[in-house]
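J.: Could you slot chains B and C onto chain A? The hints should help.
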Amino acid sequence: MLKSRTGPLIYLGVLILFPLVVRDSYYQHLMILVLMWVTIGSGWNIIAGYTGQVSFGDAAFFGSGAYTAGLLAHKLGFSAWWGLGLGGLVALAIAFPFGWICFRLRGAYFALATLALNEICRHLATVWESLTDGMVGILVMQTFVSKIPYYYIALALAVLSVLCVEWIVHSRLGYYFISIREDQDAAESLGIDTHYYKMVSLSFAAFLTGLAGSLYMNYMGFIDPEVVFSLHDISIMAILVGIVGGVGTIYGPAVGAFVMVAVSEIFRTAGFGFLKYLSQATGWGFMNLVTKYVSEAHVLTFGVLVVLVILLMPNGVVGDWPKLRRLVSRAR
Amino acid sequence: MDVFFQTLVAGVLKGGLYALIGIGMTLIMGVMRIINLAHGQMMMVAMYLTYVFFHYMGLDPYVTLLISMPSLFFLGVIIQKYFLNPLLKTETILPENQVLMTVGIGMVLTEVARFIFTSNYLSAKTQYSDATFFIGGISFSVALCIAFIFASALTTAMFFFLIKTDVGRSIRAVAQDTEAASLMGVNAERIRNYTMGIGAALVAAAGTLLLPVYYLFPDIGGPFTRKAFVITILGGLGSTVGAIFGGITLGLAEAFGATYIGMDYEDMIGLLIFILVLLFLPQGFKRLTKV
Amino acid sequence: MAILELQDVGKNFGGLRAVDEVSFAVQEGEIFGLIGPNGSGKTTIFNLINHYYPVTDGKIVFHGRDITRLKTFQICRLGIGRTFQVVKPLARMTVLDNVIASTFLHTKHMGQARQAAEETIEFCGLSVYANHLAKSLPIASRKRLEITRALATRPKLLLLDETAAGLNPGELDEAIQLIKDIRDSGVTIIIVEHIMKVIMSISDRIHAINYGRTIAEGTPKEVAANPKVIEAYLGEEVHA
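Chains as they are written, first to last, in this note's numbering: chain A, 1 to 332; chain B, 1 to 291; chain C, 1 to 240.
Derived from the structure by calculation, the hints contain no laboratory data. Accuracy of the hints is not assured; some may be wrong.
[Said to hold, decoys possible] Facing chain B, according to a computed beta carbon distance under 8 Å, are these residues of chain A, among others:
hint, residue
1, ALA48
2, GLY107
3, ALA108
4, ILE266
Note that CB positions come from ideal geometry on N, CA and C, so glycine has one too.
Chain A on its own, in the form it takes in the complex (with noise of 0.2 Å):
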């Protein structure tokens, strides 16, 4: 058991230094938005990957973590870190009707109606004026200069859900998961009472997700609808952030949030700056164009992404680890 730890142990180790050795903000940051992503990651994999309701808006938690953040701040003049907590708690208390209501859903149906939920959420975070201040947004006032304190809260956010699914996993809660994910009317047949746990799995995701929303509010300082509750950018990330690592696999999402932002990131800056790079270094008119074209294009390429991952790797990194490794090992 200990063995298998090695790999992502050594993960974290790196996790911890990183701060401290590389001090550019910009990698900071982009590393705060990988835990960040860990964190929806996980509580995606524990609805859709373990217990195998597929959802589709979980931005719909994200942004009511955020919102409550930034309203706790904005509104009520608490600071604003006490979203962290309540951010969760209100995720949760959206979950809970929707999942009342809705887990009598199967499949795909019940990932329409997350992503009614996330509609939902969007319209009346902008047209809900007097809450929210719609479109404008909330603005909320930074703790830290630094992003060194926002990355370890994000760290510990990040393994916090981790440890959270590797619980699950190995406790009765993942065994009823499994089965519901399996076959749940074998479930069923076993006396398990498929739509409460249903919930406590649903329970568990949002109210991760939900802390993540609080994190990001406190940490950007700024949100609005379009932002938090974005279908594409929230949702669907965190859909691919587990496909790619690996749906219902412990350390999937871990790996899937550094390889998502590393390639969305990749085409927005046109390969860090590279592509421009090449084009100053070899003159080509054409590799300009290409450049251009690349960082305009980077929410096409993010589509091309999904089908490509959808079509050639639906397990994932971690998923389909036998088969890469086999990959590779054929190929010397």
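T.: Just chains B and C now, kept in the frame of chain A:
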């Protein structure tokens, strides 16, 4: 009272077009058992196609129907054949891969459109776009009426197709029981391709017909996809007759919502209906629970 | 003492009356057989007992308690286990994990659950496959896994749905022995079966149905000789 009938008319006419969108989606849901989240985006593609032909060749949208429908049929077949069918064979933990794939495709379609046409709002104003005629104090939009007539014709044709032709019956067979249909000699894979093609063609028609009275921009796909699944769920999944009922209902709801509540709330209404259906419509609801 | 009683139970699927006024009482400790031609409603009756489908009319009483409206998992917790005709293994879990998922019903501790699971697996003769993925098992073992899992929930009444179908003669004898062992350990069994050899040899009493209605009940010998039963299976032209 006039306002009431006005709204009623507007709602029904638009509903006819919505029915087209709904039928396509419900067919896909019934046969492939997936939710095509790129449905609205396919409509957007057709609308851009129509726009191009209108602006650069002066082709009237109603003529472009003959181009947009086959083109989207072709696109649908390709999508199904190369991006969706392969997923059926892969062994994964989550069966929702197909739905996710349609999301990805929808994103790609939207962004490609944005790439080519930029995010500007476009429109195709023909001579009859704003023309109206009056019957007893109620104004009817000429463009919407013609669209409604086309939509009705297409819907009727669909029914004939599904009931009378071999391919149509094969589609219904696969929708009911894929395995049994295959055992009886139906090429399920080909039927899936055709179904996606037909669904795309129908939504292409809706887009082409809608363009003269609507506006166009790359992100228009999303809201229409949402409308599509509200329509489908309202009518009961897999039911083509239901899609008609669902389309008209949504058309009416939006029209009345816009008139009596406010223009901004159009999208919210769709979502509200969706939730209400989930809560109170046991028929469409029950079908969802034991898929 | 009747452990399970069906009182005028009926089930409609839309316009189809799949089960019509079926009544029977199962005595504690017996093996009660349910037979009938294909489509006669046998599995439907199981699905009604288990609340996989809701009952349209009638009552189902277990240990004196009306369970007609209870949910499936509640019925399991009260002590009714069932296997499915088309087996439903938890495919991507090992055999051991499949059974642990069942034993968790009676304990919260991982250690206890695991031990109970191992014991049940041993009892049912599946120890060889304990660490294999459920989906990699051959059909006979999958059927056995169905039984093992249901047994692991420590039922007082076990519903076995066509557990012998598709087995070769050797596997069949093993299955029959297992069923007898289960009964001897104190579990009442209702068995739906097509294979006459199995059901006739182990049932204490048999209830025959056709088109959703009762046509006969009695000992295996009595039921086998009943002309209505013969007619149901073989058609009308046979002279007894």
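J.: If a hint holds in the structure, say so; if it doesn't, say that too.
T.: These are the hints, each one checked on the structure:
With its C-beta approaching chain B no nearer than about 7 Å, ALA48 of chain A sits inside the 8 Å limit, and its interface hint holds. For GLY107 of chain A, the suggested interface contact is upheld, since its CB lies about 6 Å from the closest CB of chain B, less than 8 Å. Of the supplied interface hints, the one on ALA108 of chain A holds, with its beta-carbon coming within about 5 Å of a beta-carbon of chain B, less than 8 Å. Here the hint on ILE266 of chain A is broken, as its CB sits about 17 Å from the closest CB of chain B, past 8 Å.
Taken one by one, the earlier hints fail for this structure only at number 4.
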